[in-house]
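Participant: Chains as they are written, first to last, in the working numbering: chain A, 1 to 244; chain B, 245 to 504.
Calculated directly from the structure, the hints in this document are not laboratory data. Check each hint, because a few of them may be wrong.
[To be verified] Derived, one-sided and incomplete: chain A residues facing chain B with beta-carbon distance under 7 Å:
| # | residue |
| --- | --- |
| 1 | Pro7 |
| 2 | Arg95 |
| 3 | Arg160 |
| 4 | Thr213 |
[Unchecked claim] A few chain A residues that don't get close to chain B, going by computed Cβ distances all over 12 Å:
| # | residue |
| --- | --- |
| 5 | Leu9 |
| 6 | Pro64 |
| 7 | Gly65 |
| 8 | Arg94 |
| 9 | Thr113 |
| 10 | Thr191 |
| 11 | Val199 |
| 12 | Leu236 |
Quick reminder that beta carbons are idealized off the backbone N, C-alpha and C, glycines included.
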Amino acid sequence: MGFLAVPLLGLLNQTPWGHLLAELTTPIALQALRLSLVCSLGAVAVSLLLGVPLAFVLARVEFPGRNFVRALTTLSMVLPPVVGGVALLLAFGRRGLVGRWLDEAFGITLPFTTAGAILAEAFVAMPFLVISTEAGLRAMDRRYEDAAATLGAGRWLTFRRVTLPLIAPSLGAGVALCWARALGEFGATITFAGNLPGVTQTMPLAVYIALETDLQAAIALSLVLLVVSLAVLISLRDRWFPTA
Amino acid sequence: MLRSRIRVAAALAVAALVLAACGGSDDNTSSGGSSASPAEIKVFAAASLTAAFTKIGEDFTAANGTKVTLNFAGSQALATQIQQAAPADVFASADITNMDKVKDLAGPPQIFASNQLQIVVEKGNPKGVKGLDDLANPDLKVVLAAPDVPVGKYSQQALEKAGVTVKPVSQEQDVKAVVSKVLLGEADAGIVYTTDVAAGGDKVEGVDIPEDQNVVATYPIATVKASKAPDQAQAFMDYVLSDQGQQVLKSYGFGPPPTS
Chain A
1 MGFLAVPLLG LLNQTPWGHL LAELTTPIAL QALRLSLVCS LGAVAVSLLL GVPLAFVLAR
61 VEFPGRNFVR ALTTLSMVLP PVVGGVALLL AFGRRGLVGR WLDEAFGITL PFTTAGAILA
121 EAFVAMPFLV ISTEAGLRAM DRRYEDAAAT LGAGRWLTFR RVTLPLIAPS LGAGVALCWA
181 RALGEFGATI TFAGNLPGVT QTMPLAVYIA LETDLQAAIA LSLVLLVVSL AVLISLRDRW
241 FPTA
Chain B
245 MLRSRIRVAA ALAVAALVLA ACGGSDDNTS SGGSSASPAE IKVFAAASLT AAFTKIGEDF
305 TAANGTKVTL NFAGSQALAT QIQQAAPADV FASADITNMD KVKDLAGPPQ IFASNQLQIV
365 VEKGNPKGVK GLDDLANPDL KVVLAAPDVP VGKYSQQALE KAGVTVKPVS QEQDVKAVVS
425 KVLLGEADAG IVYTTDVAAG GDKVEGVDIP EDQNVVATYP IATVKASKAP DQAQAFMDYV
485 LSDQGQQVLK SYGFGPPPTS
């Protein structure tokens, strides 16, 4: 327990409480805060768009190789993020498998853009959403859906009015975890999207850069990330650590 | 069934790590064969010194038996590590500024090499970059090192001399990262040291920056006061400044210390 807590105390101990606000309102810090918000929410949106249908397929459709697909889905959770960044470069980079085609056909290049940072964060964070949503879908009582169908509700209506409310807690937890992971993403982002203030320099990158020049700013930014992580954990407390 | 699968997976993971460890062991460490001088020193050196100091480390170990472990990164990162009491014995920086940051923690520095800037582009120069002026072209993806990285600061000075404003697409953490972005084809051009263009292999080439726009980078080296092996640290520093060390640096394209 101490092993886990002492680093946090170290951070709090060195925090420049007196001019914390000043450190957090420097242009670089504000830019990083704003960009982190945009990128992490963008990553959650991408994850919802791609992840919820994927969770549905994994939970509801029997097909050969489903376990393999599920393993693939969670790969980026255990993959070192830097490796993920390299893989993204080789796939979506200007010379990459898909990136080359994107560049030639549409003139779109992802590295060094905010879209690239969102993509990198979504790549790392989406599994959290998929896993949680799939678990929710498996746990829910499907008889409610059947009942809705017998009452004449279409598939979309059933999904919206029955399925979605039933899996809402799992989906919510998935979104929270996915968002927190996206917010903290570092390795894949700096490798794939590079580091430019206001464009791809999210908070973790700003912390890393600041550490080499301005320790106070680095600590202040770290504190924000710590508070956000704690808030996410507390909001999920009932789910994970049910109090009797 | 499940248990045997876990066992296979664990064996695979361990095998991969062991293989990687064997393959990589020569990269950063040069181990000495002699046991007469069992001490080992850690040398923190600027990223641009990677190839040259790896060779010097091997030569030094062969001559003295002292094991040399090298830690390469941007000088600004190394200076911070030393400030945070990282166990360094010798620090070789790519600029005076970062050496000054640790002046209370290190012995008197000495300049041991110089370097110049070059524009790095892909082999064949597909975008036809001729000089710093061309880097202002908004269609060109240019990467620079971050302003706190020595080469990033030197790049700014050169661009100012040339009166050119560049909007980089990324600010990289050390000079090698700039080269690799060009190597990967993600960036069209970057500003690095001439020695890094040479070290970048046959997939990149350099575009010269004329003398009146170029900047001379000076490399200081110093021993770290907290060193547990001060004699060996001093011996390494002397070796870098000796004829043998200077020969190696020259062979990798570094210039001698400026005479002025």
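Participant: Confirm or reject each hint.
Facilitator: Cross-check of the supplied hints:
1. Pro7: violated, 14 Å
2. Arg95: Where the cut-off is 7 Å and the nearest Cβ of chain B is about 4 Å from arginine 95 (chain A), the hint holds.
3. Arg160: Status violated, d = 39 Å.
4. Thr213: With Cβ-Cβ at 5 Å, under 7 Å, it holds.
5. Leu9: holds, 17 Å
6. Pro64: holds, 18 Å
7. Gly65: The assertion about glycine 65 (chain A) holds, with a minimum of 16 Å to chain B.
8. Arg94: violated, 5 Å
9. Thr113: Non-interface label fails for threonine 113 (chain A): nearest chain B Cβ at 8 Å, not farther than 12 Å.
10. Thr191: violated, 10 Å
11. Val199: Incorrect as stated: the minimum Cβ-Cβ distance to chain B is 8 Å, not above 12 Å.
12. Leu236: holds, 29 Å
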